[in-house]
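4 protein chains.
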Amino acid sequence: MTISNIVLVTRYGSLEAENAANKVAQLLHKRGANVYTVSPLAVMNAKQLESEHELRRTHLDLAIAIGGDGTVLRAVRWLSNAVPVFGLRLAGSRGILAETSLDEVESALDRIFANAFCLEKRMRIYASIDSLEFPPALNEILISRINVTRTPTFTIKFAKDQLRQRMDGIMIATPTGSTGHSFSLGGPVLHENLNVLVITPLSPVNRMPPLVVPNEPIEVRSNADSSIIVDGQSTFEIKFEQDITIARYKHDARFLRFETKGLRQLAKLGF
Amino acid sequence: MTISNIVLVTRYGSLEAENAANKVAQLLHKRGANVYTVSPLAVMNAKQLESEHELRRTHLDLAIAIGGDGTVLRAVRWLSNAVPVFGLRLAGSRGILAETSLDEVESALDRIFANAFCLEKRMRIYASIDSLEFPPALNEILISRINVTRTPTFTIKFAKDQLRQRMDGIMIATPTGSTGHSFSLGGPVLHENLNVLVITPLSPVNRMPPLVVPNEPIEVRSNADSSIIVDGQSTFEIKFEQDITIARYKHDARFLRFETKGLRQLAKLGF
Amino acid sequence: MTISNIVLVTRYGSLEAENAANKVAQLLHKRGANVYTVSPLAVMNAKQLESEHELRRTHLDLAIAIGGDGTVLRAVRWLSNAVPVFGLRLAGSRGILAETSLDEVESALDRIFANAFCLEKRMRIYASIDSLEFPPALNEILISRINVTRTPTFTIKFAKDQLRQRMDGIMIATPTGSTGHSFSLGGPVLHENLNVLVITPLSPVNRMPPLVVPNEPIEVRSNADSSIIVDGQSTFEIKFEQDITIARYKHDARFLRFETKGLRQLAKLGF
Amino acid sequence: MTISNIVLVTRYGSLEAENAANKVAQLLHKRGANVYTVSPLAVMNAKQLESEHELRRTHLDLAIAIGGDGTVLRAVRWLSNAVPVFGLRLAGSRGILAETSLDEVESALDRIFANAFCLEKRMRIYASIDSLEFPPALNEILISRINVTRTPTFTIKFAKDQLRQRMDGIMIATPTGSTGHSFSLGGPVLHENLNVLVITPLSPVNRMPPLVVPNEPIEVRSNADSSIIVDGQSTFEIKFEQDITIARYKHDARFLRFETKGLRQLAKLGF
Chain V
195 MTISNIVLVT RYGSLEAENA ANKVAQLLHK RGANVYTVSP LAVMNAKQLE SEHELRRTHL
255 DLAIAIGGDG TVLRAVRWLS NAVPVFGLRL AGSRGILAET SLDEVESALD RIFANAFCLE
315 KRMRIYASID SLEFPPALNE ILISRINVTR TPTFTIKFAK DQLRQRMDGI MIATPTGSTG
375 HSFSLGGPVL HENLNVLVIT PLSPVNRMPP LVVPNEPIEV RSNADSSIIV DGQSTFEIKF
435 EQDITIARYK HDARFLRFET KGLRQLAKLG F
Chain R
195 MTISNIVLVT RYGSLEAENA ANKVAQLLHK RGANVYTVSP LAVMNAKQLE SEHELRRTHL
255 DLAIAIGGDG TVLRAVRWLS NAVPVFGLRL AGSRGILAET SLDEVESALD RIFANAFCLE
315 KRMRIYASID SLEFPPALNE ILISRINVTR TPTFTIKFAK DQLRQRMDGI MIATPTGSTG
375 HSFSLGGPVL HENLNVLVIT PLSPVNRMPP LVVPNEPIEV RSNADSSIIV DGQSTFEIKF
435 EQDITIARYK HDARFLRFET KGLRQLAKLG F
Chain G
195 MTISNIVLVT RYGSLEAENA ANKVAQLLHK RGANVYTVSP LAVMNAKQLE SEHELRRTHL
255 DLAIAIGGDG TVLRAVRWLS NAVPVFGLRL AGSRGILAET SLDEVESALD RIFANAFCLE
315 KRMRIYASID SLEFPPALNE ILISRINVTR TPTFTIKFAK DQLRQRMDGI MIATPTGSTG
375 HSFSLGGPVL HENLNVLVIT PLSPVNRMPP LVVPNEPIEV RSNADSSIIV DGQSTFEIKF
435 EQDITIARYK HDARFLRFET KGLRQLAKLG F
Chain X
195 MTISNIVLVT RYGSLEAENA ANKVAQLLHK RGANVYTVSP LAVMNAKQLE SEHELRRTHL
255 DLAIAIGGDG TVLRAVRWLS NAVPVFGLRL AGSRGILAET SLDEVESALD RIFANAFCLE
315 KRMRIYASID SLEFPPALNE ILISRINVTR TPTFTIKFAK DQLRQRMDGI MIATPTGSTG
375 HSFSLGGPVL HENLNVLVIT PLSPVNRMPP LVVPNEPIEV RSNADSSIIV DGQSTFEIKF
435 EQDITIARYK HDARFLRFET KGLRQLAKLG F
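Chains as they are written, first to last, in our numbering: chain V, 195 to 465; chain R, 195 to 465; chain G, 195 to 465; chain X, 195 to 465.
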């Protein structure tokens, strides 16, 4: 694998991340790589792409996300294709996705350009309504009521089953996302190798338990207007009584890693 | 206790409730009572009050809420003073607050006018910011993030203690409310006679447990813009970094009951 | 599939179940089947087997479990091979495993002898210590402290990961068992088609979440003497610091069903 | 308050605790105090009492518990009267009850003999069956099934209410105990100043919520033989269908403290 075209993605509005991006760009130039950024981020000697849309049409070998897990999630969502992502953690950021800290950037780049890494795949999901497709989620998709003075009824179809429950919202999380927002809602931790999803209710009137289901299309319908929230970062509003299909996304996310680890998730939670 | 001035409050937009109101008004006239409604509800031979504001200035002996628990909650909130509320449950409505069904209205009125009832008090809470007071809640006050793409940090002060936690929102519920939305969030059931509150987190990053605290003022501050939602019915938007005080409301709610029961709450939950 | 050798298993100490067994035996004789029971159950014209051990060596085509889910669980455990089990529910018994009620026994037998049924497989697990194998579990294996005045430390190895936690016990449940004892401990519901297990802690000092893991061998070790409890019915005591391996059992359980249903589990829980 | 008679209680079977006890005894002698121990603990120049029974008949001004929270709990249970307890934490012990570490023992004794301390009261509960009284609990009383192959039905009466539920056991915890075993079972944290109890079910078949109730006598009855476990340390076996009454104990526990703190409990849980 030859790595010559690299895009830098940074934490929003962080001067520290921009400074780090300049430093990383310099190190990449020394190694003969072409460096890209996406507007508004501007970096010396790097080509500035206009938009996420242009980003997706550009031939890239790697994305370097500089920030914390939030920045990695954004880079992964922008790169809806399969460009690998490498996370550089800024001081003070937590992260299981971004695991190399900025201090170690030089030795990390040595390993990357020596092809001494492996690629870890993580399954993703996406929501769609008829032919309208929402961006893919690495962690979770939350379908949440907009009007907080009414408790909607959700109808959920999966495999050959159907459920109807009153609740504030419903979350569908991947194994990667099971330690994130889904965990905060009381969901179980799913081993990251499993090809399953967890359906976690948000404030269900009848304390419905989380359901672990096969990674097959799930259909969700609410009788109230809803927000679709992708990885806690990207929000869309939809009308009531629409059939939302949650299904596996065609491209897995790919992470550049230096070592295969066991359950990063448990380490993240302090277990 | 002489009961001569009675206001009727009905479920919003329910023809069935309006018909019931007309029937109840007729029965009340026969008994010589003055009947009131609040605009837009109009009932034959009843005086129509312009607004909740006018309602609060009118001398009343009783409110009859026709609908389900939602209608009772609204009547109680409008009557921020201590006018007793009697709930008449429409067919198909659940309710622990509205416990007499419409079929039994005649015998119920007989008992009411014979003074054969008791008044049950329920403590209420209200939120305030400086001198701005929000309406009182019988069940709970929810302080919830508005921007769903950010997880705010909440600072919560109670008794002599202080907590800081990242979460989507925070709920303070009374014993009456502990079987409602707070229960859906995983909170415990509080015996209705206790003078305590339960602080239940909404999707806390670190799975903070619910806290049961003395009924003393609690101070909540979020570093993000928030909604204050009173009894799941009335919503207000506030700016970040404001000190919200939750405290006991000066007037308890009062319910007209025919028999003292034990824990209505457990019956409601099916235990 | 020819069905000629059938064993009857009944609820322990239930006269009603014994009477039902006599009735069922008579119906089976009419159809030319050989009927067996296991001592101490004795039924007219049926051959009484001495023990579970003899049962397992007898060639059988079907077991009919008369009682509730507990009786089905016992029949399945005794038949550690793959003899199909059909559950007949006594009046007043709940059950998702035993789904045909005794009233319908005649039409049920008609369908069975007309080969108008399907066989549903359910994966099972078993515990072992070195070469010592414990009986298979359809629902769950619980490893629980014996001395209730001490909180042991459990070490749990699964896939390539390892956890150490202090708790009263640890449960490993199958999808079939996820609606049983594991649910009572706060575990998620697993779709019955998944090839996964859920590790649910019993009173963990640090509120460890349930973990959903691949159906691969799991190793559990406690630093205190423990009980191994198979499907809540069969108990074994073991010493501290022994490596207990939980793995998939070589024979799935097989249930005779008249129709394929979706998630029986949710129906069981009232959802 | 004159402090002249002091008993030392140490962690069971800990040489480190015994050495510490000898050191503390020496420091106490210098200050002219009479030092006691309870057999089998023997300390130079200290009077060895035969038993807990003799301990309770001895006039004492203070108990010093050397170990962790477990040792404090034991000292408190032995001293069923109101002798204050001071906890000295050994290196490596956690504790919210024992808050002074052994390193600080000299300055601690200076403060104690200068009367520069305060006494903190903590309410306790005890179980009784007819006239048989079990020892008092500072944290919790657990009533748990003995036969693990059967799920008993518990009947619980409190205030004017009654519940019947199938579960493995039932715990009644004080506010002090709400961060202990009750927390591990999913119970809420109760503010330590509240005069309430929390009833937390152990593996309830129907996911009954924890109940927070007034500190009034609670009656518990199981249809199976049970263990009564006091503070996780002291166990008693009782027959099925006996009425166990849990009520406030006549003597609160008293702790010698150097400063009043807010919610020690939350600090303990890392919040």
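No wet-lab data here; the hints were simulated from the structure. The reader is advised that the hints may include incorrect statements.
A pair counts as met if it fits within one copy or between any two copies, since identical chains are not told apart.
[Stated by the list, open to error] Here are the computed lysine-lysine pairs in the PhoX-like style, where the Cα-Cα straight-line distance is at most 25 Å:
#1 354 x 315
#2 241 x 354
#3 241 x 351
#4 217 x 241
#5 224 x 241
These numbers were taken from a predicted model, which means no experiment stands behind them.
Given identical chains, is residue 224 near residue 241, meaning Cα to Cα at most 25 Å, within a copy, between copies, both, or neither? within (16 Å within a copy, 80 Å between copies)
Reference check for the pair residue 241 and residue 354, CA-CA at most 25 Å: within, between, both, or neither? neither (50 Å within a copy, 42 Å between copies)
Tell me, please, which holds for residue 217 and residue 241 at an alpha-carbon limit of 25 Å: within, between, both or neither? Cα proximity of residue 217 and residue 241: one copy only (15 Å, versus 73 Å across).
When Cα atoms must be at most 25 Å apart, do residue 354 and residue 315 count as within-copy, between-copy, both, or neither? Answer is between: at 17 Å across copies they meet the 25 Å cutoff, but 28 Å inside does not.
At most 25 Å between alpha carbons: which applies to residue 241 and residue 351, within, between, both or neither? Result: close neither inside a copy nor across copies, 46 Å intra and 48 Å inter.
The structure fails hints 2, 3 (numbered hints given earlier, in ascending order).
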